[in-house]
Structures are given as structure tokens and as C-alpha cells.
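Okay, here's what each chain looks like letter by letter:
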Amino acid sequence: MAELARALPFALAALLAVGVWAVGLHRLDVFTPDDVRAWRRLAALRGYATPAGRLERAAARVPFLRRLQDELDLNRQLAIAGWSESPQGFLLRVFFVALLAAAVFLGLLGLGLLENGVWPAPPGLALLVAVAAFVLQISMLRSRARTRQEQSGQALGDMMMLVAIMTDGRGLQLEDAVRILSRCVDHQSLQSVVDGKGWQRLVHRPHSTTIELYRQIATEFGIPLFDLVADAAANANVGMSERETYTRVARAVYQNRLAEARFRAARAKTLVTIPVAMMLIPLLILIGAPVFATISGGLGLG
Amino acid sequence: MTALAVVAELPVLLVVGVIVALACACAACAAILDVDLQRLRLPRERRIAVLEREKDIAAGLGWPWQRWVMLRLGFVALGLLVAWFTGVTLLWIIGPIAGAVGFRFALAGRAAGRRLRMERAFLGQLRNLRDRMAVSNQSLDTALQELGRNPGPDLGYVLAPLARGGSTIANVVEMGIRARSPIVEQVAAVLIWARSRSSDFLIQTIDTVLIPVGEAELAIQEEGMVTLAQQRAVTFAMSSLLVVMLAIALGVATLRAYYQSFAGQVVLVVVAVLFACLVIFLGLIVRPQAWTRWNLRRLAEEQGRLGG
Numbered sequence: 088m089a090e091l092a093r094a095l096p097f098a099l100a101a102l103l104a105v106g107v108w109a110v111g112l113h114r115l116d117v118f119t120p121d122d123v124r125a126w127r128r129l130a131a132l133r134g135y136a137t138p139a140g141r142l143e144r145a146a147a148r149v150p151f152l153r154r155l156q157d158e159l160d161l162n163r164q165l166a167i168a169g170w171s172e173s174p175q176g177f178l179l180r181v182f183f184v185a186l187l188a189a190a191v192f193l194g195l196l197g198l199g200l201l202e203n204g205v206w207p208a209p210p211g212l213a214l215l216v217a218v219a220a221f222v223l224q225i226s227m228l229r230s231r232a233r234t235r236q237e238q239s240g241q242a243l244g245d246m247m248m249l250v251a252i253m254t255d256g257r258g259l260q261l262e263d264a265v266r267i268l269s270r271c272v273d274h275q276s277l278q279s280v281v282d283g284k285g286w287q288r289l290v291h292r293p294h295s296t297t298i299e300l301y302r303q304i305a306t307e308f309g310i311p312l313f314d315l316v317a318d319a320a321a322n323a324n325v326g327m328s329e330r331e332t333y334t335r336v337a338r339a340v341y342q343n344r345l346a347e348a349r350f351r352a353a354r355a356k357t358l359v360t361i362p363v364a365m366m367l368i369p370l371l372i373l374i375g376a377p378v379f380a381t382i383s384g385g386l387g388l389g
Numbered sequence: 002m003t004a005l006a007v008v009a010e011l012p013v014l015l016v017v018g019v020i021v022a023l024a025c026a027c028a029a030c031a032a033i034l035d036v037d038l039q040r041l042r043l044p045r046e047r048r049i050a051v052l053e054r055e056k057d058i059a060a061g062l063g064w065p066w067q068r069w070v071m072l073r074l075g076f077v078a079l080g081l082l083v084a085w086f087t088g089v090t091l092l093w094i095i096g097p098i099a100g101a102v103g104f105r106f107a108l109a110g111r112a113a114g115r116r117l118r119m120e121r122a123f124l125g126q127l128r129n130l131r132d133r134m135a136v137s138n139q140s141l142d143t144a145l146q147e148l149g150r151n152p153g154p155d156l157g158y159v160l161a162p163l164a165r166g167g168s169t170i171a172n173v174v175e176m177g178i179r180a181r182s183p184i185v186e187q188v189a190a191v192l193i194w195a196r197s198r199s200s201d202f203l204i205q206t207i208d209t210v211l212i213p214v215g216e217a218e219l220a221i222q223e224e225g226m227v228t229l230a231q232q233r234a235v236t237f238a239m240s241s242l243l244v245v246m247l248a249i250a251l252g253v254a255t256l257r258a259y260y261q262s263f264a265g266q267v268v269l270v271v272v273a274v275l276f277a278c279l280v281i282f283l284g285l286i287v288r289p290q291a292w293t294r295w296n297l298r299r300l301a302e303e304q305g306r307l308g309g
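Here the protein sequences come in this chain order: X and G.
In this text, residue positions in the first sequence follow the numbering used here: the first is 88, and each later residue adds one.
In this text, residue positions in the second sequence follow the numbering used here: the first is 2, and each later residue adds one.
Everything labelled a hint here was simulated from the structure, so no lab data went into it.
All of these numbers come straight from a predicted model, not from anything done at the bench.
Ideal Cβ placement from N, Cα and C applies to all residues, glycine included.
Honestly, I wouldn't trust all of these hints.
Unchecked claim - Residues of chain X placed beyond 10 Å of chain G at every Cβ, according to the derived structure:
no.	residue
1	Val222
2	Ser226
3	Gln238
4	Ala305
5	Gln342
Claimed, not checked - If the Cβ cut is set under 10 Å, some of the chain G residues that face chain X in the computed set are:
no.	residue
6	Val21
7	Arg150
8	Pro152
9	Asp155
10	Arg288
11	Gln290
12	Thr293
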């Protein structure tokens, strides 16, 4: 034990050094050629997709992985979530983490085996751990995508009032007004779509107007409010006052939210009775457990 | 022979070497698979969002942020004190958690109600602003200053920046930041963008946009508050009942002995987990409407960049 205690600081120092080394390499892109780095920077500025690595290309050729990413709609989910990874890269990472989780679990079981001579739990459970880690990562991606969809729609609705002022009073174009305002929201969900050219990941069809672009964003990113704004922009284009048009959109958004809030409140009033009734259970357990223990002890059951 | 004993017998250099080799292999795997280390960190916006929500509650209560933090720490300490007093081991974990979360939960409703009152008063002042500009022919800057000087009981802290001189936009930004309310932030954003337009334009904007939309926002929040108040009342009643029952049980020597035993601790864990799950479930059913929050400083910068 004393030997191990002496070794511990060295081991920690070695781990720290390796960690710093790995992080340094990651940060500095040491093994990446200069021209590749320059290309990546240019591609990011222009919004082009970077070329896939060898592993990603190999993964793209595996039919099972291809089918899986189609089934999970990974490309779309990743674009909406604002993650820069390709679907193949994401799947590889998910598999890697799932296998790592299984390996760590097996390692712990192995320690238990060394300690007691028997497996503390069936080793097959590691497979379940891997599956759980896989499912958890996919559900995290989907949840992030859903949150960003909601946030983008909400921010777009909330900025319509300002858009009305900026387009009518300041003479700004709709697209510019939305882009400027998206930078001023306290999250980046909408900005990453309209200002960071995030839409280029899913919108591939050519478009010549903002209206067309917004309709495509609404379809591809699943944000229906873009459709509403595109309709309003089409009305403004044929001579209707921009302020009135976009103000009407803002009012419609709030009316819609009010209706939803009322619907949710009415539904919640009924649903709330379920957990309220169930709250009696912990109360009964708290009172009943000692009594039950005493009775069962008296009867020789405890 | 235990695993640790086996490892202890090995030479130090071998142990360190194996660890270094394993760590290098992990780093190499991560590099080959292009694992993004940044992804493992909690996103910055989420970390800030958590902090901002806490600050919102403190502002809603009209308390300084430091007092809110100190009181929460105080309740954590109280939870630990209860654990020490009762001698139930498990309360060393449940006590501080209940202290921290319970205190926040208890005051969040009051904070939301107070903020709603402030927002309602703010819409009233917005009507005053409109009347000052339309009927008394005051300029926006003068009307805002007047409002800052007579803010009314609920808006003293929020409207105070308007009373001082200097840049009107900076004062409006400060007002929005102090209020920590989506309605006030939205009005501040409109004032920032519409300020350089004519008074008629602004009056029309207040009439046709700000007041109707502000009232709609308020109605949505009120709708949510009603359901939220129900949920809070139920949770309060049930948790108080649980605490009273537990206190009575711990006051009786035989029952305290049971809850100090292993079986009793398991029962307490089950009760705590079950209750926490039900409260979370209740929270999921009655989820309040989220609002877009504006970064007013950034908005003022963008407005300035486009030429005031």
C-alpha cells in the first residue's frame, strides 16, 4: 500500500502531462497540414461542408451505418441542433462512447471479480450499459434539436414587433432586420440559422428571394413561423404597409400563444390530480413502514 | 489477495508506465476518432441561463443577488443542522438538498407574482408615456425623465435610471436590465429602435403594437400563473404534511430508532425519491411559457452601428 501511495503522485503527474499533451495537440492542430487548416477556415467562412475524413468515408460505405443514420434522420437533427459533425462522425463518436461505457462497466466488474472471486453482476449487463449509452446520446441530440427549433420559432415571433419598426421606419430589408435582431437574442439558436448561414446545411435548392429562402427553412428546419413570416413578406412586397403586416404577425403569434396557454392550463387542471393523488403514497409509506416492520417483526416475518 | 495488493507489489515505474501507455492510447483513440473535447463541457449559454434564472428570482423578489445566495446557503446549513439534531444519517444528504431546492421553490411563486405586478404597473406607465407625448406634446426624452421621477410604488428601482440625465438609450438599457422582465425588455428594445423616429411614429407604435402585444403577453403570463399557483399550493401542502409527519415520527423514541436503522433509511430514501419524482412530474405538467430575452446592450450597439 505504501508503495502504491508513493507511486500515486507520479501517476497523477503523468496523467496530467498526457492530458495537457492531448489537449494541446487538439487545440493547436499540430498534425493538420497548413493548407488543410486554411481550407477549413475558408470553408467555415463560406459555409461549405468540410471534406469527410477516412474513417467517416469508411463509415459512409457501411450499409448498416448508412441505414441507421437515415432512420434516425441524423443529418437533419445535427443541422438543427447546430452541431458541426457529419452524421458518420457523430455515429462513430456515439459508438465509441457506448463501447467505452461498456468497457468501464466491465472493468469495474473485473475489479469485483478480482476482489471476491465471483462476478458481482452478470457481465452481459455491459451490453445493456452500451445500449443505454447509445440511446442516451441519440436522445440528447434529438432533445437539443427540439429545443433549438422551439427557441428559434419563439425568437422569430418575439422579434416581429421590432422587425415592423426596422423595416418600416429604418427602411431595412426583412432578412437584414431578422439577422441583426437574431444577434441580440440571449441564445444563438436563431442566429446560427439565419446569421451563421446554418441554413446552408439543409437548404440545398436554389432560391432568389428571402421569401423562398424562408419557406425552405420552414420546411427543412421544421420552424413553421418562417412560413408565416414569408407570407407576410409576400404581402409587404405587393404594397401593404410593412409595419402593419409584421405587426399583424406579432399579434397573431401572441394570440396563438395565449390560446395555447389557455389550452395547456385547462389540460393541466385535470392532469394535476394524478400526481396530487399519488403524493399520498409517500405519506402512507412514512406512517405505515414502522408499523408494518413492528407487526412483521412480532410475527417473526422481519 | 486483493486487486490493490497485487498492484502494490508491482514496481512503481511499471505502474506509471502502464498508466501513461493507457492514457496515450485513449488520447490517440480520441484524436483518431476526432472526438470534440469541447462537446464534453456544459454549453456556455446553458451555464449562464441557470445563473440568469436565479438572478431573475432574486430580482423578482426585489432582493440583491448576494442576499439571495446568502439565504440559500443559510437554508443548506439549516438542513445540515436538522440532520445533526435528529441523528438520522440520511438527512445529511436530504436535508441540504431540501433546504436549497425547497427555499427556491417556496419563493419562486412570490417572485413571479411580484414581477407580474411590476409588469402590469409598467404597462400603465407606458400609457402615461404615450399620453405625455400625444396630449402634452412632450419629447420622448422629457417624458421618460418625468416617468423616472414619478415611478409609482412597484417601479421605483426599475425606472430610476430614467430620472437621471445623460444618454437616453443608456438609461433605457439600464431600465431593461434592472427589470429582468421580458415585457420591459421588449418595450426597451422598441424604444431603442424607434427613438430616432418622429413622436407620431412612436405614439402610433405604442398604440398599435406595444400596448396590445404587452397586454397579450401579460394575459399569457397570468394564465400560466394561475396553474402554477395551484401546483405550488398542492406541493406546499403535501410537503408540509410530510415534514410534520416526519417530525412527529422522529419525536417518538421507537419510531426514531426505526428511522435510524438501515431499513428506516431505505424507507426514507424511497419516500424522498418518490416525492421528488412526483414534484418533477407536476412541474412537467404545468410548465410555464418561456420568453425570449434580449441582450439590450448588444441591441443598443447594433442600433448605434446603423447610425443612431
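Status of the stated non-contact between X:Gln342 and chain G (beta carbon gap over 10 Å): X:Gln342 not clear of chain G: closest Cβ-Cβ about 7 Å, inside 10 Å.
Take a quick look at X:Ala305 and tell me if its Cβ sits farther than 10 Å from every Cβ on chain G, holds or violated. holds, 18 Å
Have a go at the G:Val21 hint: is there a Cβ in chain X nearer than 10 Å to its own Cβ? holds, 5 Å
For the restraint on G:Gln290, tell me whether the closest CB of chain X is nearer than 10 Å. Where the cut-off is 10 Å and the nearest Cβ of chain X is about 6 Å from G:Gln290, the hint holds.
Does X:Ser226 clear chain G by more than 10 Å, comparing its Cβ with all Cβ atoms of that chain? For X:Ser226, whose nearest Cβ neighbour in chain G is about 16 Å away, the distance exceeds 10 Å, so it holds.
Beyond 10 Å from chain G, beta-carbon-wise, is X:Val222? holds, 18 Å
May I ask you to check that X:Gln238 keeps its beta-carbon over 10 Å from the closest beta-carbon of chain G? violated, 8 Å
So, as I understand it, the hint says G:Pro152 touches chain X; can you test that by seeing if any CB pair is closer than 10 Å? violated, 24 Å
Restraint satisfaction for G:Arg288 [CB to CB of chain X, less than 10 Å]: holds, 8 Å
With a cut-off of 10 Å on the beta carbons, see whether G:Asp155 makes it to chain X. G:Asp155 check fails; min Cβ-Cβ to chain X is 23 Å, beyond 10 Å.
Would you settle whether the hint for G:Arg150 is holds or violated, based on the nearest Cβ-Cβ distance to chain X being less than 10 Å? Result: violated, 27 Å to nearest chain X Cβ.
So, G:Thr293 near chain X? Judge it on the closest CB pair being under 10 Å. Result: holds, 4 Å to nearest chain X Cβ.
In summary, the structure is inconsistent with hints 3, 5, 7, 8, 9 from the numbered list given earlier, while agreeing with the others.
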